[in-house]
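Asks: Sequence:
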Amino acid sequence: MIINHPILGPRDSQEFTYLGDAALIDRPDWQAENAADQFHDYLYLRDNPAGEHRELWFHEQGDRSWLVVTRNTVTHEILNVELARDVARARGRSK
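Heads up, the sequence shown is in the UniProt record's numbering, so the first residue is 1 and it goes up one at a time.
There could be a bad hint or two in this list.
What follows is a list of derived Cβ distance ranges for each label pair [unchecked claim]: (1) 46 - 86: 35 to 41 Å; (2) 77 - 33: 19 to 25 Å; (3) 38 - 9: 37 to 43 Å; (4) 33 - 62: 20 to 26 Å; (5) 4 - 49: 17 to 23 Å; (6) 92 - 58: 19 to 25 Å; (7) 50 - 13: 28 to 34 Å; (8) 86 - 61: 31 to 37 Å; (9) 4 - 34: 36 to 42 Å; (10) 51 - 29: 41 to 47 Å.
Hints in this document: simulated from the structure, not taken from any laboratory. Glycine included, C-beta positions come from ideal geometry on N, C-alpha and C.
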């Protein structure tokens, strides 16, 4: 599987480590009244979709960047690759 890194171009997926669902970027507010319930759901409840899915990948054997890869889990076709930093900033999660 080839991942088209936004900065470095096409890279073999063996250079990367898969983390999981990109929803991990949307970490709950630890100060919320129901923070314990939110963190339980955040940590333990996961979807296992067949089809298009957004995932976090770490470029371990490269520039050590985090990527959000949109991939079809049935065909393994990669539809989009973005820097996780840019996704987090667009959601107001980072400076």
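Asks: Next step is simple, just say for each hint if it's right about the structure.
Replies: Hint by hint, here is what the structure shows:
no., hint, in the structure
1, 46 - 86: 35 to 41 Å, "24 Å, violated"
2, 77 - 33: 19 to 25 Å, "42 Å, violated"
3, 38 - 9: 37 to 43 Å, "38 Å, holds"
4, 33 - 62: 20 to 26 Å, "42 Å, violated"
5, 4 - 49: 17 to 23 Å, "22 Å, holds"
6, 92 - 58: 19 to 25 Å, "22 Å, holds"
7, 50 - 13: 28 to 34 Å, "19 Å, violated"
8, 86 - 61: 31 to 37 Å, "22 Å, violated"
9, 4 - 34: 36 to 42 Å, "39 Å, holds"
10, 51 - 29: 41 to 47 Å, "30 Å, violated"
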